[in-house]
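Listed below are the residues making up each chain.
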Amino acid sequence: MNMRNEKRKAAAKVLGNHEIAPGIYDMWLDTELAGAVRAGQFIGVYPKDKSTLLPRPISICEADERKLRIVFRIAGGGTREFASYKEGDEVEILGLLGNGFPVDEARGKRVVLLGGGIGIPPMVELARELSKIGALVKVIAGYRDGNLFLKEDLEKYGEILIATEDGSAGVKGNVLTVMEERGLKADMLMACGPMPMLRAVKRCSEERGIRAWISLEERMACGVGACLGCVCRTKRTDPHSHVKNARICTDGPVFDAADVDI
Amino acid sequence: MNTKVTIAGVEFKNPVMTASGTFGSGMEYGEFVDLNRLGAVVTKGVANVPWPGNPTPRVAETYGGMLNAIGLQNPGIDVFVERDLPFLGRFDTKIIVNVCGKTVEDYLEVVERLSECPVDMLEINVSCPNVKEGAIAFGQDAECLYDITAKIKEKARQPIIMKLSPNVTDIAQIARAAEAAGADAISLINTITGMKIDIHKRTFALANRTGGMSGPAIKPVAVRMVYQASHAVKIPVIGMGGIANAEDAIEFLLAGASAVAVGAMNFVNPYTTVEVVEGIEAYMKQYGIEEIGELVGAVKE
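Protein sequences appear in the order of chains A and B.
Here the first sequence is numbered in my numbering, starting from 1 and rising by one per residue.
Here the second sequence is numbered in my numbering, starting from 1 and rising by one per residue.
In case anyone wonders, no lab produced these hints; they're calculated from the structure.
Take the hints with a grain of salt, since some may be wrong.
The list that follows gives simulated cross-link-like pairs (lysine to any residue, SDA-like), each with its CA atoms no further than 25 Å apart [said to hold, decoys possible]:
{"#": "1", "chain 1": "A", "residue 1": "9", "chain 2": "B", "residue 2": "247"}
{"#": "2", "chain 1": "B", "residue 1": "196", "chain 2": "A", "residue 2": "217"}
{"#": "3", "chain 1": "B", "residue 1": "196", "chain 2": "A", "residue 2": "9"}
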């Protein structure tokens, strides 16, 4: 049996944690789960505060054999606790969760990655895996302002184009503004970001006839497909649920934009 | 040491079950725990036809617990019988199917479909707070509960457990109505109706506005109700509500439960069920208890 593909709750050790933009933290973890990571997957991170029970779903930014990197924004009590972690702290995680991006389908293709805000981190592992298989990668990263976190990490794997909401760096606007202004040609889009951005990516893919893979987010409880908390509406009847919705944690978080009704 | 319990003629290898809706049909948590170790798997509620459930957000965390308003999303009885039952049949554990419906006829249709199936017991959900029709409406009024229990009992080939709501004034009266109508057992508590508001957005945390609260925060309410219900009826009681470990489970047994179920804590620690099984065995060893039945209702009055 291949143990590496099994989901499990595991102990991890914090190797480093620091703020890379206001309210955004960059944490490296030492964990045996790291070796099997696929781009677009996530882990559940458990706060130590026992009044908070549920694991927080956090996307994986990057991973190698033993090390796993998460970049997260403080969104509440749980992530505020994670922000306080120091090197050497122990943390419990649940993983590996979710399907990940279909990297193999991008082999030899021109792929534009679109990351918006806290949807940027998973683009690092994705760009890395895509560049490894010889896809032609361009990344568009959309930020609020001039705090261009992870820009250097992304530059290692392809051309990076920047959009900022306030116009302080790159193009003023969002990731789609860059796509249009630069007249970018692509065979495939892969995106992660806030829902309005993902809706725009879906529209763009429909108008231009380009396949788009989008990573969705929803409030989750179990993270493993049992509770049915984190569903999204689907175009067709889902083969598991037999109704028109799919589980983001297990059937996703990455979906073909044409298959979901967002 | 004997951990076997018998409820309505069905023998369970131990008193640890899963609470409906927190364990799917066992497939997802089968990746974490050996289902053969469990007394029973109680499935997520199944209706006569597929139900899409409620809009999202469907879940929200609360202090020491959570709210859910899934809305009984389920694939319907046909898929359940073809896919989920054969999966569960591969394990040496008892199968209890949770049945839900909008009308009495819906429930009866599912119960009749299951009559020829390899199912050990039926648990009738008359206590889900998150669907507009059916469900809880049958469970909050003693006469309605009596009526639906009697009708299901007439058709059911397997023993039936009525799953009761804590959102009632007098749980003893409700428990007695289920017993009088012929229920073989009762299980409680289902979730407690709750609400959470996001003060920054000024919106409800759940799309359904209200949801059912579960998790360790509700355990004292559940223990109290299991105690009251088990003293009101002679039929066995299956206790649940916030069980996180063996100590919690033993509390329910002492309060009068013949068996227990692990619910929301599966989401927190996917190994909870088996840890409870092992912890109960350790407790019995520690106190020299030969028969698990010695613990049922054994709190000193």
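> Broken hints, numbered, in rising order?
Replying inline: 3
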